Amino acid sequence: MTLLGVEGITKNYGGIQALRNCTMNFQEGAINGLIGPNGSGKTTLFNVMTGYETPDSGKVTFRGKDITNSTPDEVFAAGIGRTFQLTRIFPRLTVIENVHIAAQRHGLIAQMRQWSQPDERARALESLDFVGLTKLAREPAGSLSYGQQKLLEFAFIMVAEPKVMLLDEPAGGVNPTLLKHLGGRIKELNKTGVTFIIVEHDMEFVMGICDQVSVMHQGSALLEGKPELIRNDPAVLEAYLGTDMTEVK
Amino acid sequence: MLTLSGVFAGYGGGDILRGVDLTVEKGSITCVVGPNGAGKSTLLKVVSGLLVPRLGSVTFQGESIAGKSPQAILKGGIVQVMQARSLFPDLTVRENIELGAFLINDQKIVQQRFNEILDQFPMVKDRLKDKAGSLSGGQQRTVEFARALMLDPALVVLDEPSMGLEPKAAAAMYGYVRQMREHGRTVLLVEQNVRAGLGLATHGVVLEAGRVRLTGTGKEILENPQMKVLYLGGSTQTE
Amino acid sequence: MSTDTTISQRPTPPSYEVPKAIRFGALAVGFLVLVLFPLVFNNPTISTIGVFAMIFLMAVTGWNIFSGYTGYIALGHAVFFGIGQYATAMLASYWQIPPGWETFLLIPVSMFLAGLAAIPIGLIVLRVRKHTFIVLTIALMFIFQLFAYNLRGWTGGSQGLEVSQPPWDGSIFNLPYYYVGLFLAIIAIVTSFMIRRSKFGLSLLAIRDDEDRARSLGINTRNSKLTAFVISAIFLGAAGCMYAMFVGSVYPQFSFDPAFDLELSIMAFAGGLGTILGPSLGALIISGAQQYFLITFGGANVFLIVYGALFILILRLLPGGVVPAISDKWRSHVVRKEQRILDSESEGPAEAGAHK
Chain A
64 MTLLGVEGIT KNYGGIQALR NCTMNFQEGA INGLIGPNGS GKTTLFNVMT GYETPDSGKV
124 TFRGKDITNS TPDEVFAAGI GRTFQLTRIF PRLTVIENVH IAAQRHGLIA QMRQWSQPDE
184 RARALESLDF VGLTKLAREP AGSLSYGQQK LLEFAFIMVA EPKVMLLDEP AGGVNPTLLK
244 HLGGRIKELN KTGVTFIIVE HDMEFVMGIC DQVSVMHQGS ALLEGKPELI RNDPAVLEAY
304 LGTDMTEVK
Chain B
6 MLTLSGVFAG YGGGDILRGV DLTVEKGSIT CVVGPNGAGK STLLKVVSGL LVPRLGSVTF
66 QGESIAGKSP QAILKGGIVQ VMQARSLFPD LTVRENIELG AFLINDQKIV QQRFNEILDQ
126 FPMVKDRLKD KAGSLSGGQQ RTVEFARALM LDPALVVLDE PSMGLEPKAA AAMYGYVRQM
186 REHGRTVLLV EQNVRAGLGL ATHGVVLEAG RVRLTGTGKE ILENPQMKVL YLGGSTQTE
Chain C
304 MSTDTTISQR PTPPSYEVPK AIRFGALAVG FLVLVLFPLV FNNPTISTIG VFAMIFLMAV
364 TGWNIFSGYT GYIALGHAVF FGIGQYATAM LASYWQIPPG WETFLLIPVS MFLAGLAAIP
424 IGLIVLRVRK HTFIVLTIAL MFIFQLFAYN LRGWTGGSQG LEVSQPPWDG SIFNLPYYYV
484 GLFLAIIAIV TSFMIRRSKF GLSLLAIRDD EDRARSLGIN TRNSKLTAFV ISAIFLGAAG
544 CMYAMFVGSV YPQFSFDPAF DLELSIMAFA GGLGTILGPS LGALIISGAQ QYFLITFGGA
604 NVFLIVYGAL FILILRLLPG GVVPAISDKW RSHVVRKEQR ILDSESEGPA EAGAHK
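Residue numbers (this note's numbering), protein chains in the order written: chain A, 64 to 312; chain B, 6 to 244; chain C, 304 to 659.
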């Protein structure tokens with residue numbers, strides 16, 4: 064069943080058509096892949112879906128509800144979390160503080176308590192441990208390398224526990240072994256009901272993990288289907304993958 | 006061509022590089038791989054003069070360059086293409102490339118080099134008048150390569166050239182790297198896409214926790230059982 | 304190639320924080336100095352400097368709770384300083400409060416009124432982002448200054464208002480003001496500390512670093528900013544009340560003074576914007592120096608030049624402020640110690656030239 068859908072989205076940036084009547088549907092409970100050449104509009108689509116940008120026309124729906132003009136906090140409150148291609152972490156705060164920001168608390172009194180409660184701290188350390196950043200817990204996040212920042216974003220989005228996770232190039236700059244572990248965790252979370260939409264260029268990663276893959280081209284949807292289908296489609300091979308797909312299992 | 010010996014370097018919070026010994030052969034494509042946080046970008050910064058090593062020596066073509074200013078190192082023949090996008094988005098592609106020759110005063114040489122480079126990067130020719138910010142990721146990376154060659158460097162340093170690029174564009178970048186070698190340049194690159202990087206390289210270096218762990222030809226390292234431990238099921242703790 | 308398959312690891316970094324013992328000790332000494340200051344230096348001219356220092360201490364600490372933590376530099380917070388002053392002057396005469404100890408009861412009243420005013424003001428100015436925000440706060444402050452000039456019936460216009468001075472003996476006149484001021488300053492610092500330690504405080508810092516990212520992780524940035532804004536206004540109101548009582552007269556151009564916020568921001572920056580104790584340190588150093596230079600070089604505004612030179616000197620030598628500079632020095636010290644240990648331990652056999 065469609066969880067998150069976009070319909071006829073158009074977005075222009077002074078002459079450059081980033082999204083062109085884009086219509087796509089992302090399945091609930093699935094790991095959805097979103098691939099396409101650079102400049103095909105993937106990140107812009109994410110921005111529109113999560114309230115960082117408003118489209119010139121078109122609609123974004125979540126569980127049937129129109130969320131086109133929602134703000135980032137409304138989108139999060141609805142249960143959608145995201146990471147960014149050019150990582151957005153809190154550079155002047157330490158790594159562990161970064162992860163704690165994602166820990167959700169409810170109620171006024173709760174906000175006044177110390178920022179690190181035992182259960183939050185345990186969860187934070189667990190997720191840092193998972194991405195291998197434990198030793199850097201006390202370092203300012205701005206001093207981390209690009210790949211480490213990517214991992215930090217993944218760590219705190221896990222702590223935020225949204226029902227839908229939009230990951231924008233989670234593999235960029237990440238070491239291959241670690242990437243396998245991230246893939247494993249994504250599959251685990253998916254089994255507990257978390258829906259994923261993942262933008263990625265790493266084909267091995269995408270094909271290995273996704274149930275559904277959507278291909279974008281020049282601002283609109285080109286094709287949607289199972290990974291095997293996409294991988295063998297001549298149009299996709301020509302425009303995007305190149306013919307050297309022998310590496311991918 | 007380039008030798009690092011006993012290099013210790015960091016950013017004021019402790020050493021990231023903890024005794025690096027490394028040699029880059031002339032005319033090679035040397036690829037540095039390693040876990041996140043191993044110090045790969047830091048290593049490249051030391052080579053380009055953006056970071057002064059606390060201990061140890063760095064020699065390029067026989068001369069010591071540790072502690073030299075980045076400009077002096079550029080003039081000496083080492084140019085780096087950074088990991089992050091670094092074109093000026095509001096300037097045209099032509100202007101961006103010409104800026105690569107900022108240190109050269111003789112305009113004739115600049116123009117001559119520019120034309121030679123255009124021949125090497127045909128894709129750039131069509132987009133000379135466009136604002137650099139309007140190009141796609143792969144196209145911008147290509148322009149950065151072109152810009153780097155304006156100083157006719159003997160050593161080209163590339164920090165994750167294929168990152169964030171779609172498979173086709175990444176393959177094109179590797180093609181350019183081979184081209185650079187054919188033109189007699191030496192290339193030192195860092196790649197997180199280990200298979201592609203080591204497949205492209207003549208020499209490989211594995212960096213781990215600030216030290217060189219393994220060296221060999223690209224093929225040797227890919228087929229090394231230790232690499233399998235490091236990359237396929239080994240430690241995931243970042244350093 | 305070695306057959307060792309163990310993964311080498313970096314050593315765990317040591318703690319870079321100044322140890323609790325040292326920090327506690329420094330705080331205790333500082334507290335003692337402040338408590339004993341007017342008793343030791345009982346010359347009224349000197350203790351006057353102390354009173355102003357206390358007023359600025361609470362004002363800057365309050366200002367930092369908003370501007371330091373959220374990164375929204377408010378240059379119109381004088382609005383609350385002025386509200387505190389005028390509320391005190393107006394209520395003192397309206398309620399016919401006899402000069403003396405009873406006047407101090409106006410402090411909580413001023414704090415309440417400043418806080419109350421901060422709600423609608425905050426709702427207006429916080430609708431815009433950082434850069435527009437600065438301009439808006441300045442504009443708002445000037446609007447209040449105009450009110451003060453023009454609502455003559457209430458505010459006395461450009462003649463200002465008087466606050467009757469208590470009939471205390473000159474030699475001990477300053478003491479009550481100083482100690483009440485110190486008490487309020489300590490409350491401000493403790494509040495700042497508790498906020499910084501809480502989840503709320505972390506949210507403010509997140510807003511400073513990346514407001515939209517904070518929103519996308521569920522932080523209600525609007526409420527957080529407004530709360531910090533109101534809390535900081537409360538302390539500025541207290542400062543205004545103290546100022547009006549101590550100086551004895553209230554005028555539009557000095558109550559709603561653009562230079563006041565500049566002074567606050569200079570003090571906060573010099574001490575360390577966004578730290579807990581930095582602004583306080585900055586207030587002590589700068590206001591102390593300012594008052595001292597005023598007295599010494601007074602008259603012609605030579606003191607302003609000296610004062611400006613001091614500020615530039617601080618920023619050159621300690622960019623980021625006093626407290627961050629101390630943290631950095633401590634960190635370098637720890638790092639160097641660690642490196643010496645590691646260098647002497649490492650005996651890598653193949654590593655030729657490990658030491659220059």
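If you're looking for bench data, these hints aren't it; they were derived computationally from the structure. Some hints could be false.
[Stated by the list, open to error] Derived PhoX-like pairs (lysine-lysine); straight-line CA-CA distance at most 25 Å: (1) B/K173 <-> B/K224; (2) B/K173 <-> A/K289; (3) A/K289 <-> A/K250; (4) B/K173 <-> B/K130; (5) A/K226 <-> A/K254; (6) B/K130 <-> B/K73; (7) A/K198 <-> C/K433; (8) C/K632 <-> A/K198; (9) A/K198 <-> B/K173; (10) A/K254 <-> A/K198; (11) A/K243 <-> A/K226; (12) A/K243 <-> B/K233; (13) B/K31 <-> B/K233; (14) A/K254 <-> A/K122; (15) A/K198 <-> C/K640; (16) B/K31 <-> A/K243; (17) A/K289 <-> A/K243; (18) A/K128 <-> A/K198; (19) A/K254 <-> A/K243; (20) B/K173 <-> A/K243; (21) C/K632 <-> C/K323; (22) B/K31 <-> B/K73; (23) A/K250 <-> B/K233; (24) B/K113 <-> B/K80; (25) B/K130 <-> B/K113; (26) B/K134 <-> B/K113; (27) A/K289 <-> A/K254.
[Unchecked claim] Using C-beta positions, here's what the derived DEER-type ranges look like: (28) B/T28 <-> C/R326: 44 to 50 Å; (29) C/L645 <-> B/S74: 24 to 30 Å; (30) C/N604 <-> B/Y16: 42 to 48 Å; (31) C/R500 <-> B/T207: 51 to 57 Å.
Only a predicted model underlies this, so the values are computations on that prediction, with no experimental measurement involved. All residues carry an ideal CB built from backbone N, CA and C; glycine is no exception.
Outcome of the hint check:
1. With a CA separation close to 23 Å, the supplied pair B/K173 and B/K224 stays within the 25 Å bound.
2. Distance hint between B/K173 and A/K289 is fulfilled; the C-alpha atoms sit about 21 Å from each other, no more than 25 Å.
3. Restraint check for A/K289 and A/K250: the C-alpha separation of about 17 Å stays at or below 25 Å, so the hint holds.
4. Distance restraint check for B/K173 and B/K130: the Cα-Cα separation of roughly 19 Å lies within the 25 Å cut-off, and the hinted pair is therefore satisfied.
5. Restraint check for A/K226 and A/K254: the C-alpha separation of about 12 Å stays at or below 25 Å, so the hint holds.
6. This hinted pair does not check out: B/K130 and B/K73 have alpha carbons roughly 35 Å apart, beyond 25 Å.
7. Restraint check for A/K198 and C/K433: not satisfied, since their Cα atoms lie roughly 35 Å apart, outside the 25 Å limit.
8. A hinted pair counts as satisfied when its Cα atoms are at most 25 Å apart, and C/K632 with A/K198 qualifies at roughly 22 Å.
9. Of the pairs offered as hints, the one joining A/K198 and B/K173 is violated, with about 37 Å between alpha carbons and a cut-off of 25 Å exceeded.
10. Among the hinted pairs, A/K254 with A/K198 is inconsistent with the structure: their alpha-carbon atoms are about 30 Å apart, more than 25 Å.
11. At roughly 22 Å between alpha-carbon atoms, A/K243 and A/K226 fall within 25 Å of each other, so this suggested pair holds.
12. Between the alpha carbons of A/K243 and B/K233 the distance comes to roughly 13 Å, so the proposed pair stays at or under 25 Å and holds.
13. Proposed proximity of B/K31 and B/K233 is contradicted: the alpha carbons are some 29 Å apart, above 25 Å.
14. Only pairs whose Cα atoms come within 25 Å are accepted, and A/K254 paired with A/K122 is rejected, the gap being roughly 29 Å.
15. For the proposed pair A/K198 and C/K640, the alpha carbon gap of about 19 Å is at most 25 Å, so the pair holds.
16. Between B/K31 and A/K243, the direct Cα distance comes to roughly 35 Å. Violation of the 25 Å bound is thereby established for this hinted pair.
17. A threshold of 25 Å between alpha carbons decides the hint, and for A/K289 with A/K243 the separation of about 21 Å falls inside it, so the pair holds.
18. Proposed proximity of A/K128 and A/K198 is contradicted: the alpha carbons are some 43 Å apart, above 25 Å.
19. Between the alpha carbons of A/K254 and A/K243 the distance comes to roughly 17 Å, so the proposed pair stays at or under 25 Å and holds.
20. With a C-alpha separation of about 23 Å, the suggested pair B/K173 and A/K243 falls inside the 25 Å cut-off, and the hint holds.
21. Proposed proximity of C/K632 and C/K323 is supported: the alpha carbons are some 16 Å apart, at most 25 Å.
22. For the suggested pair B/K31 and B/K73, the alpha carbons sit about 21 Å apart, so the restraint of at most 25 Å is met.
23. Distance restraint check for A/K250 and B/K233: the Cα-Cα separation of roughly 23 Å lies within the 25 Å cut-off, and the hinted pair is therefore satisfied.
24. For the given pair, B/K113 sits about 18 Å from B/K80 by alpha-carbon distance, which is consistent with the 25 Å threshold.
25. A threshold of 25 Å between alpha carbons decides the hint, and for B/K130 with B/K113 the separation of about 19 Å falls inside it, so the pair holds.
26. Among the hinted pairs, B/K134 with B/K113 is consistent with the structure: their alpha-carbon atoms are about 21 Å apart, no more than 25 Å.
27. Distance restraint check for A/K289 and A/K254: the Cα-Cα separation of roughly 18 Å lies within the 25 Å cut-off, and the hinted pair is therefore satisfied.
28. Distance hint check for B/T28 and C/R326: the Cβ-Cβ separation is about 48 Å, which falls inside the suggested range of 44 to 50 Å.
29. The given range of 24 to 30 Å is respected by C/L645 and B/S74, whose C-beta atoms sit roughly 28 Å from each other.
30. A beta carbon spacing of about 44 Å between C/N604 and B/Y16 agrees with the range 42 to 48 Å that was offered as a hint.
31. Evaluation of the 51 to 57 Å hint for C/R500 and B/T207 yields a pass: the beta carbon distance comes to about 55 Å.
Hint compliance for this structure: hints 6, 7, 9, 10, 13, 14, 16 and 18 are broken, all remaining hints hold.
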